[in-house]
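J.: Using the sequences and the hints, build the whole thing.
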Amino acid sequence: QKEVEQNSGPLSVPEGAIASLNCTYSDRGSQSFFWYRQYSGKSPELIMSIYSNGDKEDGRFTAQLNKASQYVSLLIRDSQPSDSATYLCALTGYSSASKIIFGSGTRLSIRP
Amino acid sequence: DTAVSQTPKYLVTQMGNDKSIKCEQNLGHDTMYWYKQDSKKFLKIMFSYNNKELIINETVPNRFSPKSPDKAHLNLHINSLELGDSAVYFCASSLEVRESPLHFGNGTRLTVT
Numbered sequence: 068q069k070e071v072e073q074n075s076g077p078l079s080v081p082e083g084a085i086a087s088l089n090c091t092y093s094d095r096g097s098q099s100f101f102w103y104r105q106y107s108g109k110s111p112e113l114i115m116s117i118y119s120n121g122d123k124e125d126g127r128f129t130a131q132l133n134k135a136s137q138y139v140s141l142l143i144r145d146s147q148p149s150d151s152a153t154y155l156c157a158l159t160g161y162s163s164a165s166k167i168i169f170g171s172g173t174r175l176s177i178r179p
Numbered sequence: 002d003t004a005v006s007q008t009p010k011y012l013v014t015q016m017g018n019d020k021s022i023k024c025e026q027n028l029g030h031d032t033m034y035w036y037k038q039d040s041k042k043f044l045k046i047m048f049s050y051n052n053k054e055l056i057i058n059e060t061v062p063n064r065f066s067p068k069s070p071d072k073a074h075l076n077l078h079i080n081s082l083e084l085g086d087s088a089v090y091f092c093a094s095s096l097e098v099r100e101s102p103l104h105f106g107n108g109t110r111l112t113v114t
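So the sequence lines, in the order shown, correspond to chains A and B.
The numbering used here applies: residue 68 is where the first sequence begins, and numbers increase by one.
The numbering used here applies: residue 2 is where the second sequence begins, and numbers increase by one.
Some hints could be false.
With a straight-line Cα cutoff of 27 Å, these simulated BS3-like cross-link-like pairs (lysine-lysine) come out [unchecked claim]:
1. K45(B) x K109(A)
2. K166(A) x K20(B)
3. K37(B) x K20(B)
4. K42(B) x K109(A)
5. K10(B) x K109(A)
6. K109(A) x K23(B)
7. K109(A) x K41(B)
8. K37(B) x K68(B)
Derived by calculation from the structure, the hints in this document are not laboratory data.
T.: Written as C-alpha cells, this is what we have:
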C-alpha cells in the first residue's frame with residue numbers, strides 16, 4: 068500500500084461547480100496534512116494545511132480531515148479555470164517531523 | 002525578495018558527467034530538503050538537513066551527495082550522471098516544527114542525454 072494515495076485523474080469539473088479531491092494515507096500516526104497546487108512547469112505552492120479532525124475553510128477552499136478513516140480531502144467551491152492544476156496531498160509521518168511525504172497528485176481540469 | 006532560490010533552472014548534460022545544483026533560502030528556516038519529481042509528477046524526498054546536519058537520507062544512490070555549508074544553503078552534487086537521473090529537482094525549506102509546510106524553489110529540470 069502506498070503511503071499517500073490519490074486518484075490521478077484527470078478530474079473534469081464545470082466552471083462554477085464544486086471540485087472534490089480526495090487523499091488516503093496509511094500511517095495512523097500522521098499529524099500534519101497539506102494540500103499543494105502545482106501548475107504545469109511550476110513548483111508546488113501551499114493551498115491549505117490542516118492538523119485536527121474536522122473542516123478548515125479558507126476562501127473558496129475547504130480541507131477536511133478524518134484521522135479515524137485516514138482520509139483528507141480538499142473542496143474547491145465556485146471552481147474557476149485558473150484552478151486547473153495538479154493537486155498534491157502531503158503529510159508528515161509520526162516518526163519524523165522532517166519527512167513530508169507526497170501523494171502522486173490529482174490533475175484537475177475546470178471546463179468553461 | 003524572501004524565497005527559496007535554486008540554480009540553474011535548466012541543466013542539460015551527457016551521461017557520465019558530474020553536475021551540481023545550488024539552493025539558498027533567506028526565510029530563516031532550519032530545515033532544507035531535496036525532492037525529485039519524475040515524469041509522472043511524483044515528488045519523492047531525497048535528503049533533509051537540519052542546521053547543516055543530515056537527518057533524512059532516503060535510498061538514493063551514492064552518486065548523489067548533498068552538502069550544507071550553513072543552514073541557509075543546501076547544494077546537490079551528482080556524479081556519473083545516468084539517463085534515469087533526468088527529472089525535476091526541487092529544493093525546499095521549512096521551520097523545524099511538525100506543522101510547518103514546505104516552501105519550494107522553482108526547480109531544476111535536469112536532462113541527461
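J.: Hints first: check each against the structure and report whether it holds.
T.: Tested hints:
no.: 1; hint: K45(B) x K109(A); verdict: holds, 16 Å
no.: 2; hint: K166(A) x K20(B); verdict: holds, 26 Å
no.: 3; hint: K37(B) x K20(B); verdict: holds, 15 Å
no.: 4; hint: K42(B) x K109(A); verdict: holds, 11 Å
no.: 5; hint: K10(B) x K109(A); verdict: holds, 11 Å
no.: 6; hint: K109(A) x K23(B); verdict: holds, 18 Å
no.: 7; hint: K109(A) x K41(B); verdict: holds, 14 Å
no.: 8; hint: K37(B) x K68(B); verdict: holds, 16 Å
In this structure, none of the earlier numbered hints is contradicted; all agree with it.
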